[in-house]
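Go ahead and model the full structure; you've got the sequences and the hints to work with.
Chain residues, written in single-letter form:
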Amino acid sequence: MENKDITTQRTSDSLLDVERTFKERLAYAGRFLWRDRSGVIGLVLFLIVVIAAVFAPQISPYDPLEQNLRDNKMPPAWSDGGSGDHPFGTDNLGRDSFSRIVYGARVSLTVGFFGVLIAGSLGLVIGAIAGYMGGRVDTAIMSIINLILSLPYLLFVVFIASVLGRSLLNVILIFGITDAPIFARVTRGEVLRMRESGYVESAISAGARWPRIIFDHILPNLIGPLITLATFEMSAMIFYEAGLGFLGLSVPPTIPSWGNMLAAGRKYLQAYPWIAAFPGLAIMFTSLGMNLLGDWLRDVLDPRLRRSRK
Amino acid sequence: MQRYFISRLVQSVLLLFGVLLLVFIMVRVTGDPATLMMPREASPEDVEAFREKMGFNDPTLVQFGRFISGAITGDFGNSLHFKTPAMPMVVGRLPATVQLALTGLVFAVVVGIPLGLVGGFNPGSVIDNIGRFLALLGQSVPNFWLALIMILYFAVRLQWFPSFGRDEWKSVIMPAFVLGLPVMGQIVRLTRSAVLEIRGEDFIRTAHSKGLMLRTIYTKHVLRNVAIPLVSVIGVQFGYMLGGSIYIEFIFSWPGMGQLLQQSIGWRDFPLVQALAVFTSAVVLGLNLLTDMAYAIIDPRIRYGK
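So the protein sequences, as listed, match chains A and B. Take the first sequence: its position 30, counted from the start at 1, is 30 in the numbering used here, and no numbers get skipped. Take the second sequence: its position 30, counted from the start at 1, is 1030 in the numbering used here, and no numbers get skipped.
In short, the hints are calculated from the structure, not lab data. Hints may be right or wrong, so weigh each one.
[Said to hold, decoys possible] Some, not all, of what chain A presents toward chain B, calculated at C-beta under 7 Å:
1) ILE59
2) LEU154
3) LEU155
4) SER205
5) GLY243
6) MET284
Small disclaimer: the values here were computed from a predicted structure and weren't measured. Ideal placement from N, C-alpha and C gives every residue a C-beta, glycine not left out.
Next comes the structure, spelled out in structure tokens:
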């Protein structure tokens, strides 16, 4: 009993301590979140975007596609000529900007979420195979991954998008596939590190078979780094999706997305700058939230990195 | 060291071959390259004539052989829009893109490294907080949007800079700033965390206990070790800027490779797109090769290890 106390005390800073219950870990994560205020801000910003996306029909005052040419290019509510009916004003076709921003969150989060899901799953499998098998398999897989990662990423995304044409599914697939190498590389590195660490070795010498090693020893330790990476990559995908939309290569123009709104607003930049301003702010808001959240997750989930923060 | 360089060179050539394969497959992935490249309103007869002229009716392997043998001599066929060879046109756009990327990189390095160093040596100080804030901003602000806002204020309202083109020296400032901002953020973060990490190492404590002057410790022990990750990141980021300036070139009508890519996609001029993709990849791969060589020269561990 006394022995155990000493262990707990010594490792009280480690979240991944096996002796802790789930609840204790959660409480610890909460305390850590509170100490690091920027993490709180990130979480709040991200949750606002998620809520906007989920409850878009309830939140938005208008149908995002409804055109009202009489009220076109109205400025935001707080400037001259604006009205409380359209808080962020209206676009060139008289559609309510606020409603379109709220619905745009759906497109961004859908692309980000499913893109990361596909990239993460592919990358996890490929990286785990490379790291676990080692040898020639590893060399072959890693050469291909390095090939893809050394290419000018944006150029190929634009190229592929232009060939495949505009659709939500295409955009998700493009990001899901082109981003998989990053997940594979991180997974492989972690698996390699774990294989060489003492605990996997001792599990093997204790007679554990490979399913047990993978599911009990390797996968749980991969979750931390992969969730952190997923946050950053999702933020990047939202960014790139908007960029593609801006070039007219993302979802069809009829779908309200932040990128499409920016592309439309660019034409009216000089006389009606707010049309382009709000979608840009929305992207910034989301990206800021996810970057802060990602920084915090990295600190919480990876105790090794913690000392370099403060 | 020679063996390391030769194996990296061979690798790069293989990678370039992979790019050629990828580019060849990409325009055929939808099934019919002729419909992809012809205008939507083209008649079936026109499409058929085009298919015959471009040799898309030949067996795929024959087409691939022709593509590769052309590519080796730098021949990617004629641009459909300009009716002249595609590759020379792409190469002609290189100086503008390099000028833009290089200016952006210089800005990112000149501002980013000092901010990161000061932050790493004095964590929590005012300058550190400014640096971290700028880094976060650079990461979070969509640069294509920032470009629009800057045009609005600095070009249209204040008229300090031209809003598009590449006619005078002032033209490069806004696009280079916007392109360099995210890179600057990365450099600040990397420099800062590298300094923090190295300061905690045992050999720094030893240096302190030997009674070395702070300045000697900083310049000789800390800075040299910080330089190693920085060189590789700067190399990679320069490659990223060369291939990633598409939005910026589009917005500022900067006559570089990114603008040509955006235009050629609009024209469905895929021979030109292919030439652009291959050439940009070759430049980026060459740059990565140079970075790795520089890396090996500064860090002996790379040369002798493995």
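Going through the hints against the structure:
1. ILE59: violated (23 Å)
2. LEU154: Nearest chain B Cβ about 4 Å off; hint holds.
3. LEU155: Since chain B brings a Cβ to about 5 Å from A:LEU155, closer than 7 Å, the hint holds.
4. SER205: Interface hint status for A:SER205: violated (28 Å vs cutoff 7 Å).
5. GLY243: holds (6 Å)
6. MET284: Because about 5 Å separates A:MET284 from the closest Cβ in chain B, which is inside the 7 Å limit, the hint holds.
The earlier numbered hints that this structure contradicts are 1, 4.
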